[in-house]
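Since the structure of chain A is provided, determine the placement of chain B with the ligands on it from the hints.
There are 2 protein chains.
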Amino acid sequence: MAPSAQSLPTSVSDEKYANVKWEELGFGFCRTDNMYVAKCKHGESFQEGKIVPYADIQISPCSAVLNYGQGLYEGLKAYRTEDGRIVLFRPDQNALRLQSGANRLCMPYPTVDQFVSAVKQVVLANKKWIPPPGRGTLYIRPILFGSGPILGSLPVPEYTFTVFACPVGRYHKDNAGLNLKIEDKFRRAFPSGTGGVKSITNYSPVWITLAEAKAKGFSDVLFLDAATGKNVEELFASNVFIVKVEERVVPVEDLLDAEEVFCTGTAAIVTTIASVTFKEKKTEFKTGDKTLAAKLFATLTDIHMGRVEDKKGWIVELTDATKPGLKL
Amino acid sequence: MAPSAQSLPTSVSDEKYANVKWEELGFGFCRTDNMYVAKCKHGESFQEGKIVPYADIQISPCSAVLNYGQGLYEGLKAYRTEDGRIVLFRPDQNALRLQSGANRLCMPYPTVDQFVSAVKQVVLANKKWIPPPGRGTLYIRPILFGSGPILGSLPVPEYTFTVFACPVGRYHKDNAGLNLKIEDKFRRAFPSGTGGVKSITNYSPVWITLAEAKAKGFSDVLFLDAATGKNVEELFASNVFIVKVEERVVPVEDLLDAEEVFCTGTAAIVTTIASVTFKEKKTEFKTGDKTLAAKLFATLTDIHMGRVEDKKGWIVELTDATKPGLKL
Ligand SMILES: Cc1ncc(COP(=O)(O)O)c(C=O)c1O
Ligand SMILES: Cc1ncc(COP(=O)(O)O)c(C=O)c1O
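Top line first, the protein sequences correspond to chains A and B. With this note's numbering as the guide, the letters of the first sequence map in order to residues 108 to 435. With this note's numbering as the guide, the letters of the second sequence map in order to residues 108 to 435.
Do not take every clue at face value.
[Said to hold, decoys possible] Below, a list of computed lysine-lysine pairs in the DSSO-like style, where the Cα atoms sit at most 27 Å apart: (1) B:Lys280 / B:Lys386; (2) B:Lys148 / A:Lys321; (3) A:Lys337 / B:Lys292; (4) B:Lys123 / B:Lys235; (5) B:Lys323 / A:Lys148; (6) A:Lys386 / A:Lys323; (7) B:Lys386 / B:Lys292; (8) B:Lys337 / A:Lys292; (9) B:Lys292 / B:Lys321; (10) A:Lys280 / B:Lys148; (11) A:Lys397 / A:Lys419; (12) A:Lys148 / B:Lys321; (13) B:Lys337 / A:Lys337; (14) A:Lys388 / A:Lys351; (15) A:Lys321 / A:Lys386; (16) A:Lys292 / B:Lys292; (17) B:Lys397 / B:Lys351; (18) A:Lys292 / A:Lys337; (19) B:Lys280 / B:Lys292; (20) B:Lys419 / B:Lys351; (21) B:Lys388 / B:Lys337; (22) A:Lys323 / B:Lys148; (23) A:Lys148 / B:Lys280.
Calculated directly from the structure, the hints in this document are not laboratory data.
Bound conformation, chain A alone (with noise of 0.2 Å):
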């Protein structure tokens, strides 16, 4: 069922900003105006939910997220192009991700459209909240868990799908480029485990590292593979990327080896990573405005700020006028 047009709290002006100091915005939780809630019984599937004034969730102390940590979450973006427009980058490939996770933890879960349209609907209901363009974004935070409650045995009796948003900047501080250090000790993901999925399940366990190599003053923490401790994986929330090799499984050796490196992620954008530190030894590699993370960058904010052309299809664009008619 589609909601209706009325159901969406509009702001004062849409053309108005919230009261932010948008040159400070950093990467850190802001309260905005409205989310949107959507909840489904266990055997049911998810139907239309509705914006919501932004507020406290009342979940069961007994909750399978609570106590069994049943949850995922997604993050996307919208932005806001310099000639005026609001646009979302490819949000039909997190509702297929939040979809592969939903079946890894046992959750039933929204259909693309539905994720799509809450979506929607979340960066229209706040779009006050979108920094002007070149100051930011809007980071759209969609959650599915476990809210009934559950003590023993399964199914769990209820599920809720909630989004958010709030305005963002930059995720890393560096300007330089990141200092990474190689974990030698924490793995995070293993075979047959949730390292495929976006399962809350894979962060809390690797704050205790992440939190240590901050206080020495690293940007981030590179992960290893679980089964072999060899093989680069990715940072706490972004992906690795190593110039002129393949998408293969890279050993230390070859990272190390490497001229250039950058991780990306909707978060970290495409950020050059100025050095890594394994084992105390550092090792450096290519920063600057001759990097291919510099144009790869520049490209995609481009395309985000509608200054170049998307030829791919993967800029979906809000407009006023997809807000009566629904079909968002």
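Frame of chain A; chain B with the ligands shown alone:
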């Protein structure tokens, strides 16, 4: 600070039971009257919390637990002895395990005294939910989680420690012994992971295989270690024992060779395992009154029910006298 006696809601009559069909009690969620809540800001320590009416928890959509799985649980029981006392079994050990988990997941934690006091308060505030002797027990569920909002980087601004309780009967329904499936695809705990602590991230990732095994008629799943895939670890929520084997690494072959096998846990108590199935092959073990498991079950239950003397200092008694003066 000690809570005041007045803050403890009491049942209409302490000796009256809640309106429960005790003979039909299974192991599932059941709403009771009161719960305990304490909160703690980042950088501070847990202060004494309070007993409040049982209700949904209000939590930020952007909380650490919902988005990154930062949570731990504990499980212990309150027993009504045959001579009318109410007792706990080694609650300090649950407090210590919670503390080690909190260190692993970068959370502050209650002291052992705060933990035990919270558990006692919850039991007393839900006294009429403790089943009559022999009919079941009051299962107590402490949870500790990151309740404050976090996006991007640590620290988490707020943590919550909550304790609630439900009356429970048998955890495993198979009276004649469990029929286990040895899981040969999904692993659960891996070196440097969170298998050594009671993290919520250890549970939802393996529901998929538990659900599959149950659908095939098995009672529970037995996991093998992720590092080698050869050694026995534990069931979904209980430990496994093989008669006449010391505490050591146990290859699957030793298990299949055993005369008797059983599992233990707060929920499982001591439960005979009748068979395990490994790669389609079923191996059976000794069951019935003559097993060591039956003897251990009887002795442990006799201690819980006050029928035999506790010579180890494992039993902690709650009396109404503990209520007003506190120092619970
Ligand atoms: C563990 C992990 N790897 C990689 C990524 C990058 O994924 P995406 O490009 O979809 O943001 C993320 C993003 O949050 C992440 O958490
Ligand atoms: C994974 C797991 N192993 C073992 C146990 C048994 O621990 P305990 O004897 O403290 O209940 C539990 C209890 O919940 C558990 O969840």
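Results of checking the hints against the structure:
Straight-line distance between C-alpha atoms of Lys280 (chain B) and Lys386 (chain B) comes to about 24 Å, which keeps the hinted pair within the 27 Å bound. About 21 Å separates the Cα atoms of Lys148 (chain B) and Lys321 (chain A), which keeps this hinted pair within 27 Å; it holds. Between the alpha carbons of Lys337 (chain A) and Lys292 (chain B) the distance comes to roughly 22 Å, so the proposed pair stays at or under 27 Å and holds. For the hint pairing Lys123 (chain B) with Lys235 (chain B), the CA-to-CA distance comes to about 6 Å; that is within 27 Å, so the pair holds.
Annotation: proposed proximity of Lys323 (chain B) to Lys148 (chain A) holds, straight-line Cα distance about 24 Å (limit 27 Å). Restraint check for Lys386 (chain A) and Lys323 (chain A): satisfied, since their Cα atoms lie roughly 14 Å apart, inside the 27 Å limit. For the given pair, Lys386 (chain B) sits about 10 Å from Lys292 (chain B) by alpha-carbon distance, which is consistent with the 27 Å threshold. Between Lys337 (chain B) and Lys292 (chain A) the alpha-carbon distance is near 22 Å, which keeps this suggested pair within the 27 Å criterion.
Under the criterion of a C-alpha separation no larger than 27 Å, the hint pairing Lys292 (chain B) with Lys321 (chain B) is consistent with the structure, at around 16 Å. Between the alpha carbons of Lys280 (chain A) and Lys148 (chain B) the distance comes to roughly 25 Å, so the proposed pair stays at or under 27 Å and holds. A threshold of 27 Å between alpha carbons decides the hint, and for Lys397 (chain A) with Lys419 (chain A) the separation of about 26 Å falls inside it, so the pair holds. At roughly 21 Å between alpha-carbon atoms, Lys148 (chain A) and Lys321 (chain B) fall within 27 Å of each other, so this suggested pair holds.
Annotation: proposed proximity of Lys337 (chain B) to Lys337 (chain A) holds, straight-line Cα distance about 22 Å (limit 27 Å). About 23 Å separates the Cα atoms of Lys388 (chain A) and Lys351 (chain A), which keeps this hinted pair within 27 Å; it holds. Restraint check: the Cα-Cα separation between Lys321 (chain A) and Lys386 (chain A) comes to about 16 Å, which is no more than 27 Å; the hinted pair holds. For the given pair, Lys292 (chain A) sits about 24 Å from Lys292 (chain B) by alpha-carbon distance, which is consistent with the 27 Å threshold.
About 15 Å separates the Cα atoms of Lys397 (chain B) and Lys351 (chain B), which keeps this hinted pair within 27 Å; it holds. The straight-line distance between the Cα atoms of Lys292 (chain A) and Lys337 (chain A) is roughly 12 Å, inside the 27 Å bound, and the hint therefore holds. The hinted pair formed by Lys280 (chain B) and Lys292 (chain B) meets the criterion: a straight-line CA distance of about 25 Å does not exceed 27 Å. For the given pair, Lys419 (chain B) sits about 23 Å from Lys351 (chain B) by alpha-carbon distance, which is consistent with the 27 Å threshold.
About 16 Å separates the Cα atoms of Lys388 (chain B) and Lys337 (chain B), which keeps this hinted pair within 27 Å; it holds. Among the hinted pairs, Lys323 (chain A) with Lys148 (chain B) is consistent with the structure: their alpha-carbon atoms are about 24 Å apart, no more than 27 Å. Between the alpha carbons of Lys148 (chain A) and Lys280 (chain B) the distance comes to roughly 25 Å, so the proposed pair stays at or under 27 Å and holds.
Consistency note: the structure conflicts with none of the earlier hints.
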